[in-house]
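Participant: Each chain, written out:
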Amino acid sequence: MQASPSATGASPTAFQRRSQLYRRHLDLDAAFADYEGVLAVAAYADPRVERALAERLGLADLSTWPRSGCAGPNAPQWLADAGRQPPNRPNKAVAQEDGGLIARLSEQEFLILQGLEADPGLFAALQGNWPSDAAESVHPLPHADSHCWLALSGALASEALAKLCAVDLSSRSFGLCDVAQTSLARVNAIILRQDLGATPCFHILSDASSAEYLWDALVDAMREFGGAPVGLEALRTLKLRDRPSESFSPTERHPRIQPRKAP
Amino acid sequence: MAFGLLKYGFRKRYPAKPQFTPSGTTLKKRYDVVIIGAGAHGAGIAHELAKSHGIRNVALLDKGYLGGGNTARNTAVLRSNYLTEEGVAFYRQSLKLFQGLSNELNYNIMLENRGQLTLAHSDAAIRSFRWRAEVNQHLGVRSELVDRQTIRELVPQLNLSEDVRYPILAGLWHADAATARHDAIVWGYARSACEQGVELHQRTAVQAVEVTNGAVHAVKTNRGRIACGCVVQAVAGSSSIVAKMAGIRLPIHSYPLQAMVTQPYKPLLKPHVSSPHLHVYTHQTSRGEFVIGGGSDPYPRYGSRATLEQKEALSSAILQLLPFLAQAKVLRQWAGTTDMTPDYSPIMGLSPVRNYHLDAGWGTWGFKATPICAKTMAELVATGKPPELIQPFALERFYRFEQINEAGATAAGH
Amino acid sequence: MKLLNCPLNGPRNIAEFTYGGELRPMPDPAATDAQQWAEHLFFPDNGAGIVTEWWCHTATAYWFLAQRNTLTDEVIRTFPPSEVFKQGRKLAGKDGGEKS
Ligand SMILES: Cc1cc2nc3c(=O)[nH]c(=O)nc-3n(C[C@H](O)[C@H](O)[C@H](O)COP(=O)(O)OP(=O)(O)OC[C@H]3O[C@@H](n4cnc5c(N)ncnc54)[C@H](O)[C@@H]3O)c2cc1C
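Chains as they are written, first to last, in this note's numbering: chain A, 1 to 263; chain B, 1 to 414; chain C, 1 to 100.
Since the hints were made in silico from the structure, they are not lab data. Treat the hints with caution; some may be incorrect.
Some chain C residues near chain A, calculated using beta-carbon distances under 7 Å [what the hints assert, rightly or not]: (1) L8; (2) N13; (3) A59; (4) T60; (5) E74.
Calculated cross-link-like contacts (lysine-lysine; reagent style BS3-like; alpha-carbon spacing at most 27 Å) [to be verified]: (6) C:K86 with A:K239; (7) B:K7 with B:K17; (8) B:K311 with C:K2; (9) B:K29 with B:K51; (10) B:K329 with C:K2; (11) A:K163 with C:K2; (12) B:K329 with A:K163; (13) B:K311 with B:K329.
Don't be surprised by glycine CBs; every beta carbon is placed ideally from N, CA and C.
Here chain A stands alone, though its shape is the one from the complex (with noise of 0.2 Å):
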C-alpha cells in the first residue's frame, strides 16, 4: 500500500522531525508533503520534468524516511525470526517484500531501508519489536538521527558519482543491491544500489553532520551531467516503470559522448 502526500504545501517547521537539509529546500520552493507523519520533499518543480530529470540524474533528500538497523552475534537470526530476509554476507543487500531493503554491513550488523512506497506506519511495528534483553545477543541501531539519506537516481548516476567516489560504481561492477561503504566526497558514506524500474538509483547514507556538505557536492558534480534535485513523487512514479520513458535514450542524450556512426 503506498502512502500518499496528505497535506500537500505542508510546513517544515510544524514537524518535530526535520531533513538537516530542509533550508536547502526552502531555498529551492520545495514542495514538501506530510507522508503519515513522516515530512518529505514531493516535488520541487513540474511532476513531468522532475520524471525526465530523475532518468537522467536526480537527487533526493529522503533523510526523514524511516530506516533503522540492528547488530550483535543473533542479529540474521533476529531478522528472520521477524520475517525479513537478511543478505547472506556483507556488502550485500536484499530486497524486501514490501520494497524495502535490508544490507548488510558486516558480519554482525544490518541497515533496514523503508521502501518508498511502503506504509512508514508499517515500520513502526519492527522498532517497537526490538528485544529488551542483552541475552539476546542483538541490539538496535537506528540510523535514523546518524546519517542523511540520499538518493541519487538516474542513468548517468554512476558518472556523476565516479569524480567524488574512488569505488567503481558502474553497472559493470556494481550490481543490483551491491553495498559499498567508503568515501564519497571526502566523506564517509554507505551507498547502496536499488534500481527503480529500470533506472539506476543509489542510496547513500552518511554523517547527518556533514549532510550540508555532501548535498551540495553532489549537487555541484551532477551540474555538468544537467543533474538538479528532484522530490520523493518523481522517485516513486519511476518505480512503477519498468522502461524507461521513450524520450530518453542515455547514450544518445550524453552531454560528453559523442554518439558512435555506424560504420
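Start from chain A and add chains B and C with the ligand according to the hints.
Facilitator: Okay, now just chains B and C with the ligand, sitting in the frame of chain A:
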C-alpha cells in the same frame, strides 16, 4: 675575478684545500668519543667538543654522506614560539646562538630574520594563539596575536577572502623567527670540527654497539671495530634502530615528513607563513623558490620516498592561501624519516647505558635546535652531567610520567 | 593512490584507512608495575622490516591486521583479527587477562 676563477679551474688538485677529513683516511683503533650520525647535530657536537672542551680525539661517523639525512631535507624554519616553559627556554637560547653563528664558524649560514605568521581559521585556534602569545611574552619571546588588517600588511599576497572554506580569522606573529641555509650549518660545523682535529668518516655505518657491565666501550662499523670512551647517537630517523644496537628502547615512531619547492620567482614573500588548520606552510627561499611543507605522513615508514597524495594535499592547501601559485611548477619533492616522540619534545641526555648519550626524538622540528643542542650535549659528554637546560628532556621522563607536551605548538610548523 | 586490501571491504584507497599502531600483547593490569605500563604505553618496537599492525577502515570502523614492510611500504597480507584473537578480544576481568 674571472681570471682567478680560470686559474682555479686549471688547478690539478680540487678543491685547493680539503675542508673535511679526506675520504679514505684510515680509522683509528680508538677514539675518546664516537658520534654516530654526521647531520647538523652530530657535526655541531663535534665542533663544540673540540672548541669548548678541547676534546679532539673524536670520530664523526655517517653511514651516508655529511648532512645527507634530515638536515639536507628540512625546511630550515627557526622559531621559538613554543608552548611549554622548558621548550621555549631551550629554543629561545638556540635562536640567539644562530644570530652569531656565521661569525663563529666563519661560514655564511645565510640567516634571514623574516618572522613567522601562523594563521588561525577557527575560534579555538585564536584562543590557543592567545595562550601561546602570553606564554611566549612571559618568557621573553616576541610573539603576538594579530588581526586581519595586520595580516594584510604583513603578507599582502595572502588570500584573505571570506568566501573560502576556512577564512583566515587572525594570526600569531612571531618576529623572532628566521630561516638559515641548512647545508651551510652542517658544512660550517664539520669544517670547523675537522680543522680542530676531529675526523669525519663518511660511508661508515655503525652496525653494532658493544656494551659490557652496563657501559659502552666500542662500536662495530662496516670498516671495522672502534674502541671508544663515549658514544653520542644523533641519527634522527634511525634512532630506534641504532638505540636497539645498544639494547635501548626509545619512545619513538618513525614517520616520513615531506616537502617540495616550486620554480623560482622574484622576491615577493618575506615572512614564513604557516597554517596548522590547512596543514601547510611556506616561505620563499633566497633562491626564489617557494618551499612548501605540511604535516607528517599518516602512518609510520622508514624511507625517503615522496608520495603523490602528499603533493596533492600540499598543493590544494597552499592554493587556498596563495592562489597565484596555481601557475607554479613543482621543481623538487622529497621526504625524510622523522623520529617522533609521544610528547613532541626531544630526548637529550643520559641513557640506561653508561657513557652512551642520546640526541634523538627531534621529529619534525630539530634543525632549529642545532646550536644549543650541540653546546649542551658537548657539555654532557665533557662533564658526564646533563646541563640544566636539557634536564627536563631526559629519556627517563617517560618512566616518571613527566612528559613535556609540546603537541599544541607543532601542528604544521616545524 | 596506494591501495590497501580490507578483509571486509576489499581493495580501497589508503586514504580510507587509519593506522592503529603495532600489534602487541596487552599487559595484565593486576601484575604490571608503573615502569612496565610506561614501556607498554610509550615505547613501541618501531621495527624496520616486516611488522604486524592494526588498521581501521574508517568508513566501516572495521579493525583488522596487516603485515607490512616498513622499509619498502609493501603490504604483505591483511587479515581479520579473529585469526589472532580466537576467543575474541577480552579485557582483563574475572578470567584474568587477554586471550590471544
Ligand atoms: C621535510 C622535513 C622538513 C623539516 N623542517 C624542519 C624545520 O623547518 N625546522 C626544524 O627545526 N626542523 C625541521 N625538520 C627536522 C630536522 O630536519 C631534523 O630534526 C634535524 O635535521 C635532525 O638533525 P640530525 O643531525 O639529528 O639528523 P640527520 O641530519 O638526519 O643526521 C643523522 C645522520 O645519521 C646517519 N646515520 C643513521 N644511521 C646511522 C648508522 N647506523 N651509522 C652511521 N650513521 C648513521 C644518517 O645517514 C644521517 O646523516 C624537518 C625534517 C624534514 C624531514
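Participant: With reference to the structure, classify each hint as holding or not holding.
Facilitator: For each hint, the structure was consulted:
| no. | hint | result |
| --- | --- | --- |
| 1 | L8 | holds, 6 Å |
| 2 | N13 | holds, 5 Å |
| 3 | A59 | holds, 4 Å |
| 4 | T60 | holds, 5 Å |
| 5 | E74 | violated, 21 Å |
| 6 | C:K86 with A:K239 | violated, 46 Å |
| 7 | B:K7 with B:K17 | holds, 15 Å |
| 8 | B:K311 with C:K2 | holds, 14 Å |
| 9 | B:K29 with B:K51 | holds, 23 Å |
| 10 | B:K329 with C:K2 | holds, 24 Å |
| 11 | A:K163 with C:K2 | holds, 18 Å |
| 12 | B:K329 with A:K163 | holds, 25 Å |
| 13 | B:K311 with B:K329 | holds, 12 Å |
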